[in-house]
Every structure is written in C-alpha cells, then in structure tokens.
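> Single-letter residue listing:
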Amino acid sequence: MEPVYTYTKGMVRTETSYCPGCTHGISHRLIMETLDEMGKLGETIGVAPIGCSVQAHKFMNVDMCESAHGRAPAVATGIRRVHPDKLVFTYQGDGDLASIGTNEIIHMASRGERISTFFINNGIYGMTGGQMAPTTLIGQRTTTSTAGRMEEQTGAPMRVCELLATLPRAVYIERVALDTPANINRAKRAVRRAFEVQEKGLGFSFVEFLSTCPTNWGVTPVDAMKWVGEKMIPYYPLGVFKKPEEVR
Amino acid sequence: MSEKVLMKGNEAFSEAAIRGGSRYYFGYPITPQNEIPEYMSQEIPKYGGAFLQAESELGAINMAYGAAAAGGRAFISSSSPGIALMQEGISFMCSAEVPLVILNVSRGGPGIGGIHPGQADYNQATRGGGNGDYKVPVFAPSSIQEAVDLIYEAVELADYWQNPIMIFADGILAQMMEPVILPEFKPEIKYEDIKKLKPWAITGYGDDDANRVTVKSLRMQPEDLEQHVDYLFEKYAKAEKELVRVETLGLEDAEIVFVAFGTTARITKEAIELLAEEGIKAGLIRPISLWPFPYNAFDQISDKTKVVISAEMSMGQMMQDVKIGIGKRFPIELINRTGGIIPTSLEIAQRASEILRTINN
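One line per chain: the protein sequences are A and B, in this order. 13 is the number that this note's numbering gives to position 13 of the first sequence; each next residue is one higher, with no gaps. 334 is the number that this note's numbering gives to position 334 of the second sequence; each next residue is one higher, with no gaps.
Misleading hints may appear alongside valid ones.
With a cut-off of at most 20 Å between alpha-carbon atoms, the simulated EDC-like pairs for lysine to aspartate or glutamate come out as follows [stated by the list, open to error]:
#, chain 1, residue 1, chain 2, residue 2
1, B, 216, B, 35
2, B, 281, B, 240
3, B, 46, B, 184
4, B, 190, B, 11
5, A, 9, B, 35
6, A, 200, A, 151
7, A, 86, B, 207
8, A, 40, B, 223
9, A, 58, B, 184
10, B, 196, A, 151
11, A, 86, B, 192
12, A, 86, B, 193
13, B, 190, A, 43
14, B, 195, A, 151
15, A, 9, B, 209
16, B, 186, B, 149
17, A, 58, B, 333
18, A, 58, B, 209
19, A, 58, B, 192
20, A, 58, B, 193
21, A, 40, A, 152
22, A, 231, A, 199
23, B, 281, B, 333
24, A, 40, B, 35
25, A, 58, B, 223
26, A, 86, B, 209
27, A, 9, B, 149
28, B, 190, A, 151
29, A, 40, B, 43
30, B, 238, B, 209
31, A, 40, B, 240
32, A, 86, B, 333
Per label pair, the in silico range of CB-to-CB distance [claimed, not checked]:
#, chain 1, residue 1, chain 2, residue 2, range
33, A, 222, B, 46, 19 to 29 Å
34, B, 324, A, 110, 43 to 53 Å
35, A, 239, B, 184, 50 to 60 Å
36, B, 223, A, 245, 53 to 63 Å
37, B, 123, A, 156, 55 to 65 Å
38, A, 168, B, 42, 40 to 50 Å
39, A, 155, B, 115, 57 to 67 Å
40, A, 110, B, 123, 35 to 45 Å
FYI, nobody ran anything at the bench for these hints, they're computed from the structure. Using N, Cα and C, we set each Cβ at its ideal position, and we do this for glycine too.
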C-alpha cells in the first residue's frame, strides 16, 4: 500500500527551533517538499539572512549560507553568477526584507535575477522580541508601538508584492497565506511556480507568505491563524499579481 | 606570458586581479577608483567571469560574499567611504572564513572627506573597521608594479587563508601611469573542480546529502563562539608570522629613520636623497604589510639613530604601530599632510632636517 503522507527528504530529521504555532515549519516544508518532488534538492542553494530563520540551514536539506541582515538578495546574486545552472532562493522575514533590506530586494527584482524569494510576512520582528515592522498593521501593538501602530507617526504598512510588481523584470509575484489547508495548498502551488519561473529563465519570482507569530502577537496558535484571515488578508490581498504565460 | 606595458594604475590593478584568477567583480562607482569597474565591465566577461554594478557598496560586498561562498574567486574595489560601508561584509566573511581580495584606493576623510589621496584609513584597515574579533591581512604597495604583484598574489593568498585580503593603495597609484610587467595568467579553474578545491563551498551537494555544507557566521552559544574566535586567532597568529613584508633601507648608520608606506614611502626615498646631499644620513622602514605590521624590523635600527620619523598622509595613525616597534629606544616625530595633500620630498627633507637640528641642540 502506498502511503499518502510521508516525511520529505527536503527536511532534516530534527526538531526545529521555532515557537509552537509558528508557520515557519509550514513554509519550510512547502519549499523543501517542492524541491524534493522536482528532484532538485542537490541542485539548489539557499540563503537565509538574520531573523528567526537565519538557522534554516539546520532544517532545510540543501546547501545554504547565512547572510547579514537584509543582504540575502545580494548574496544570492553573487551565488547565481558562479552557478548559472542551480536553483537559488532566499528565505527572508519582513523586518529583513521590507526594512533593512529594501534596497537589496528592489534591485534584485529590478535586475530580474533568476532567483526565487520567499518572503515571510508576520507583521513583526520575531527574533528580537516583537518590535514594529514596516508591515505591522495600523493599531497593532508591538514592543515599540505599545499603543498600537499609528499611521501619522510611522506611515502605512508596506505592501511589498504591489511594490515589486511595478518592476518589469519581476515576472512572477504572488501573495499566499498559511492560515487554512486550502490556502496552504495554494501556497505550495506558488512555490512550484516560483521555481518553474526560475528554471525557465523568465526572471525574478517572489512569493509572500502571510504568516503567524503567536509568541510576539501574544495570542494562541489557533487565534493567530484566525488573525491572519481576519486582519492580515483584508489589508494584504491574496492572489497572483504577475505571472508569465509560460507557467501554469 | 609576462609583458611590459604602460598602464594607468586602476587598469593595471584590474588586469592583475584577472590574471591572478579573479573571475567575479562587483563594484559601485566612487572616485578615485572608477576605472576599475569600467575596465572590469569590459574585460572580466571575456574570461568566463562576471561583472556586476551593484546597487551600493553594501550590495557589492555581499554579492562578493555570495560568489566566494559559492566557490568563485571574487575581487572588489572601492575607496574610503565605500570601504567603510563594506565593513559589515568584511567582518562577516572573516567569521564565515570566505576568501576575497579587496582593493582600497584610499582618499581623504573623515566623512565624505575629499577625493584626493589619503592614508587615513590605516586604522580602519589594520584594526578592523567592522564588529568583533577578526583580522584582515593588509598590503600597501608603493608602485603600480608592486600593486600588480600583490593583487596577483593575493588571489591565492585569500584562498589559502580563507580570509579577505586587503590591498591598501591610494589615489596617486590609481591615477598615474607607469611601465609595468604584467604577470602570466594563472591556470583557469574548471567549474567541476570547484568542489575538489573548496569542499566547504555551497555548490549544491549533488546526489548525496552527506556532502551538504553550510556557510555561516551565527553562533548562539557563547562557548561555541569563543571556540570559533580562538580558532580564528590561531590562524591569525600563524599569518602574523608568515605574512610580514617589509623593505628597509640604510638602517645601519642612519641618524634619522623614516617609517612610511605606499606613495609616502616613495616620496620619502627622494627626501632621503635630498638629506644625503646635506650630509645627513637617513634610512627607511617601509612596511609593505600593514597587518601584520613588521615590528621586528625596528630591532635593526642602530644606536647611531637619533630620531624615528613617521611620515604619513594621516594625522599619525601608523605612529601607534611605530611606537610599539621602537618602544622607548628613540624619540618619535610625525611628518604628515592630510586632507588629500601629498607631501613633497623637499618638505619632508626640510622638516626632518629641522627636527634633527632641534635634537642635536
């Protein structure tokens, strides 16, 4: 009898260092399972910059390097020059990508690097203990916006997909969420598309995952999942912003 | 084949990096090193390498880190404020043990400073401008030929030490033209040989995940981090013995001993000739390696010497190392210009002669 569900060779058989209820486990698995299904685990190089997932290399079974905060797109660009035939990806949080690393991500997208970026947006700095991020929602309480984020002081939350979609060579951009089984299935399809865009040499591909941080949001894992649907998705609409015709 | 040509400094530096085996160049425009990205944009792709104009110096250093972590030989250049921006990456690469050749065509500071030649990046280069405990071997050429030879050699040195190597040049060497003998091209490294030569590089592990590697810097456990820093410093202790380079001149009977590096050393040699015409014997210690600094060369200074003079294009940053080198054996003086002003040989000779007169009286 064929099992319907197994471990993937893409994940190292160890416990992760993530908090209970955090969706990093899901997004890690979606990416690694996809590479496993594509038979590309040994032909892939990943970059994880500072943030909770800086040690993703302990869990993702591909060759990887760490990077300084925000610089993963530049690091991946250097890797791409040496290895034109490998799959290259970055796995970045929102403090990393949407704040300190905006320059690097915009220019990688602008150059249309044949690289895929997986953007974990949970609206907060997780590793450092719950400070406000550029993606923090208006009214959301964090350790640096204890009265709730105020637009007149800190601007409006940054919608990164929409921003990058204006760049001609950022060819595939999709926002997905990890809050329900149906959305997780959609997320996996997005991961697959991102790698296909890369394999076909069509340009830069970008998938944003609306993710949870129960620890720093101060809610239970179950409520965190609900919060994604109730608060995040209305501000960060799901869907495909750009997709080349060559990809299903 | 080696060949003698007349070349501008920046172009000769670039050619030396290519001939030494660098194949990945990432740059950002900043004066006075702009001929390097310009030259590389045309030349390095001819050898199967890649040129990329980065979005910033932060981008450039991190691209270089990526290329080198992936097993490529990377070369970057910038000038003082740009090198300041790159410190994050330099510290990171020392920690992660990733090789790189960095050329600083230094100019006057602080801040944006000016675009004329300077040596005020001495502390930044030798003390580590970035965070944490690390060392970068730094070599300071005083002619285009020496710069070419050092850059050429640095490509393999960086690989050997698995650490960034810095070449500390200045705007004069970069902008002038000199006849130079270009070394032969080093044999090409085949793509399939990267893994054999650099088993630590991230190349994709192929069929067997037992070969999986990671390149990293973070160590959350204090004991792990301490152990790693201790290990790095064992390596640096070895480098401190093996990488010292120095030129000495006329130390045996000198009344004045100059200490000078780079362009300033070249001008100081002329000053020594001018002093000889006046009947004053002067010698020179020219550190070629700024780290490791050639402290032992100072033991060669004889008791005939009355004063040691540090000649610099900074406010005396190297003097700290000169003091360590001479201890309390001799008085020490500084002859310097800064702000991008190059001291003349006459100026150095006159000031040195005045200093000697004061001491003799």
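> Residue 86/A and residue 192/B: Cα distance at most 20 Å?
Holds: residue 86/A and residue 192/B sit about 13 Å apart, inside 20 Å.
> For the range 55 to 65 Å, tell me whether the beta carbons of residue 123/B and residue 156/A fit it or not.
Roughly 43 Å apart at Cβ, these two residues miss the hinted range, so it is violated.
> With a cut-off of 20 Å on the C-alpha distance, tell me whether residue 40/A and residue 43/B pass.
34 Å, violated
> Take a quick look at whether residue 216/B and residue 35/B sit within 20 Å of each other, Cα to Cα.
33 Å, violated
> Is the straight-line distance between the alpha-carbon of residue 58/A and that of residue 193/B 20 Å or less?
27 Å, violated
> Are the Cα atoms of residue 190/B and residue 11/B separated by 20 Å or less?
26 Å, violated
> Need the status of pair residue 281/B, residue 240/B: alpha-carbon distance at most 20 Å?
Violated, at roughly 31 Å.
> Between residue 9/A and residue 149/B, is the straight-line Cα distance small enough, at 20 Å or below?
48 Å, violated
> Can the restraint linking residue 231/A and residue 199/A be considered satisfied, given a maximum Cα separation of 20 Å?
With a Cα-Cα distance of about 35 Å, the restraint between residue 231/A and residue 199/A is violated, given a limit of 20 Å.
> Holds or violated: residue 40/A and residue 240/B, Cα atoms, limit 20 Å.
44 Å, violated
> Is the hinted pair residue 9/A and residue 209/B satisfied, with a Cα-Cα distance of at most 20 Å?
9 Å, holds
> Going straight from one Cα to the other, do residue 9/A and residue 35/B come out at no more than 20 Å?
Since the Cα atoms of residue 9/A and residue 35/B sit roughly 49 Å apart, the hinted pair is violated (cutoff 20 Å).
When the structure is compared with the earlier hints, violations turn up for hints 1, 2, 4, 5, 6, 8, 9, 10, 14, 17, 19, 20, 21, 22, 24, 27, 28, 29, 30, 31, 32, 33, 37, 38 and 39 and for no others.
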